[in-house]
Amino acid sequence: MSAVATRPASVAGRSSRKPARKPRGPIVWLREHIIQILAFFAFVYLLLPNVVVIIFSFNEPRGRYNLTFEQFSLNAWLHPCGAPGICSSVGLSLRIGFLATLFATLLGTMIAFALVRHRFPGRSSSNLLIFMPMATPEVVMGSSLLTLFVGPLHVIPLGFQTILIAHIMFCISFVVVTVKARLAGLDPRLEEAAMDLYANEWETLRRITLPLVAPGIAAAALLSFSLSFDDYIITSFNASPATQTFPMYVWGASTRGTPVQINVIGTIMFFVSLACVGVAQYVAFRRSRARAS
Amino acid sequence: MALAGAEATIEPASEPVEPERKRRLRLTPYLLLLPGIAWLAIFFVWPMFTLAKTSLSSQDLAGDYVFSWHFQTYKDAFSLYHSQFVRSFIYAAIATASALAISFPLAYTIAFKSGKWKNLLLVLVIAPFFTSFLIRTLAWQTILADNGIVSKIFNDLGLYNVLKALHLVQSDQLLNTPFAVISGLTYNFLPFMTLPLYASLEKIDLRLLEAGADLYGSPWTTFRKVTWPLSLPGVVAGTLLTFIPAAGDYINSKLLGNVNTTMIGQVIDGQFLRVLDYPTASALSFSLMLAILIIVIIYIRRAGTEELV
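Chains A and B are the protein sequences, given in the same order. Quick note: to get my numbering, add 299 to the position in the first sequence (first position is 1). Quick note: to get my numbering, add 11 to the position in the second sequence (first position is 1).
Note that these hints are calculated values from the structure, not bench results. Please note that the accuracy of each hint is not assured.
Unchecked claim - A few chain A positions that, by computed beta-carbon distances, are all more than 12 Å from chain B:
| no. | residue |
| --- | --- |
| 1 | G324 |
| 2 | W328 |
| 3 | E331 |
| 4 | P348 |
| 5 | L377 |
| 6 | G390 |
| 7 | P456 |
| 8 | D495 |
| 9 | Y497 |
| 10 | E500 |
| 11 | R505 |
| 12 | R588 |
| 13 | A589 |
As the list claims (entries may be wrong) - The following label-pair restraints were derived from C-beta to C-beta distances:
| no. | chain 1 | residue 1 | chain 2 | residue 2 | range |
| --- | --- | --- | --- | --- | --- |
| 14 | A | V582 | B | F89 | 50 to 60 Å |
| 15 | B | Y227 | A | L329 | 54 to 64 Å |
| 16 | A | G484 | B | F78 | 44 to 54 Å |
| 17 | A | R585 | B | I309 | 42 to 52 Å |
Built from N, CA and C at the ideal position, the CB exists for glycine as well.
Go ahead and model the full structure; you've got the sequences and the hints to work with.
In structure tokens form, the structure reads like this:
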């Protein structure tokens, strides 16, 4: 970590356009690199909890809480479902995450296309409606949905369906913003060229627009999934005792006693996400290479 | 009611004498919008109305809640919970300011000093999100524990006295204090500050900064006159994205605080899910929404930034 944060600083220092200077005292070096040093500490602050989560997945705590490191153990890694209820909660979160991502990505991408590619009356009020959920605290969204589901819409029982509805709702806005950014950066002349070459609207969409927007849609889907998988506050307002998602399991565990398996799942999540980002970066790299050659 | 309003805006203006293809083109945006906008209208706008309605309801003799313009609930709720309200906004404001102070060198380094490491550093900024935030907040319990390394460093540096003077801790303990809650809030929403800040810093033409130096501006003057004004759109977006969720959050105050750090979200959660006093809970929730809306509107007016989304 330290190597990562401080290396670029020295690289930038060497490649500056001023001629090479004689090495000077450490105080001068500190003063010249103060911003990078502060950035390094910011990274420590940001990443320390992740490191702690990983280290404590190898712990064998004495009490019910996994708070102090006692003894190295692979126990939790060998029995990830050893804590009662933990794996079924992960399963539920995965199911809700997949379904919420599917619907939110579809609905949000359609909205993004309408907003970027068309001018129409009601466009700015649509923009406002999409912005609002992102500017509303989760506790307000969760509690207002609860008043809907115990009030006028009480035909829908609290549980799987209400959680899914809520997750689709708060993911849509983030999908719209992400896909919009990608779509706005596209050269509309590419689509016009396809039309000029006698492609109809559907063919243009399928063979030109969608492949070019795909990275934005993929990013939006990944974002939706992680938002849904990680949500506690809104979910807690719209769940039933029978539908316990993984964040709800962790919340309950924070008062009952935290099994080490929580850290194992957290660590797996961390490396799976890292791998996803790595693959995405690699694909982007290959694509830019292919275009250049 | 909410539905009717939303449908009025999506109703297409139909003009009968038009070629068929052109009319289809005019309808396309509305057809694309309809499912998503309807979803938001039903499950975001409508609940705001049911929330307002519940907050003005009172119990009848049978024990059911009926709508009765019962404004007394708001008065009672405020006299009971105004301190939690004020505390939420103070904590959120301090956390937002801290996040800005921490994010600026971070975003600056990534934008201007990172060279080929830029993508890696950006991934590191969002890396915390890869693990569930509840698990990470629990990890702060370990980090700030009484005999932990952070507590020791604070002791050695004499920082406890500073924190005590600021009323952020009471004794030589970090966990379960206002300090821990604000640190947790700052930490949890830091990437929301860093990323917009980075986005607006990255757009700055480096030659402007060089020009500042060439015109004998000290680094501080260049920052004040060039870098800071040009980064303002990112600052505005970042502060909003940090302040709004921080003001409504109750995970940090519950896991890292004590009974005297309760924030308004915690009260709303308790009233709804344990006390089952729906009118009081709705009144608090609706007030929180209004308060944040007012703060955001004033702030955007003052900062003078239109383009946010």
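Against the structure, the hints:
no., hint, result
1, G324, "19 Å, holds"
2, W328, "14 Å, holds"
3, E331, "10 Å, violated"
4, P348, "4 Å, violated"
5, L377, "20 Å, holds"
6, G390, "15 Å, holds"
7, P456, "16 Å, holds"
8, D495, "17 Å, holds"
9, Y497, "16 Å, holds"
10, E500, "9 Å, violated"
11, R505, "16 Å, holds"
12, R588, "15 Å, holds"
13, A589, "18 Å, holds"
14, V582(A) with F89(B): 50 to 60 Å, "54 Å, holds"
15, Y227(B) with L329(A): 54 to 64 Å, "24 Å, violated"
16, G484(A) with F78(B): 44 to 54 Å, "48 Å, holds"
17, R585(A) with I309(B): 42 to 52 Å, "48 Å, holds"
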